[in-house]
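Given these sequences and hints, build the entire structure.
Quick note: the sequence shown, position 19, residue 19 per my numbering, numbers continuous.
Hint data in this document are derived by calculation from the structure and do not stem from the laboratory.
A portion of the hints provided could be inaccurate.
Unchecked claim - Taking CB as the label site, the calculated pair distances span: (1) Leu17 <-> His42: 22 to 32 Å; (2) Ile60 <-> Asn28: 15 to 25 Å; (3) Asp31 <-> Lys62: 13 to 23 Å; (4) Leu5 <-> Ala58: 12 to 22 Å; (5) Glu41 <-> Glu61: 16 to 26 Å; (6) Phe37 <-> His9: 17 to 27 Å; (7) Val25 <-> Phe50: 30 to 40 Å; (8) Glu13 <-> Asp36: 11 to 21 Å.
Unchecked claim - With a straight-line Cα cutoff of 27 Å, these simulated DSSO-like cross-link-like pairs (lysine-lysine) come out: (9) Lys39 <-> Lys62; (10) Lys39 <-> Lys27; (11) Lys22 <-> Lys44; (12) Lys27 <-> Lys40.
Backbone N, C-alpha and C define an ideal beta-carbon position, used for all residues, glycine too.
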Amino acid sequence: MSKSLYRPHESRENTVLFPAFKERVSKNEYDALGEDFEKKEHVKFGEDGFDHIVTEVAEIEK
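Here it is in structure tokens:
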């Protein structure tokens, strides 16, 4: 996705979608989802998967 398309999308996520989502789930549900996503991330990308992907993207963007 190009930057020109992503920025408006990201802005709506941060100002509309995520705040609305957090209003509709309890803190416990929100925390449990975070734990689930982190476990799935580790299974899919390995223990340091997020950091590895960030490094790869940074190299591509140079």
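Checking each numbered hint in turn, tell me which of them this model violates, lowest number first. Violated hints (numbers, rising): 2, 3, 7 and 9; every other hint is consistent with the structure.
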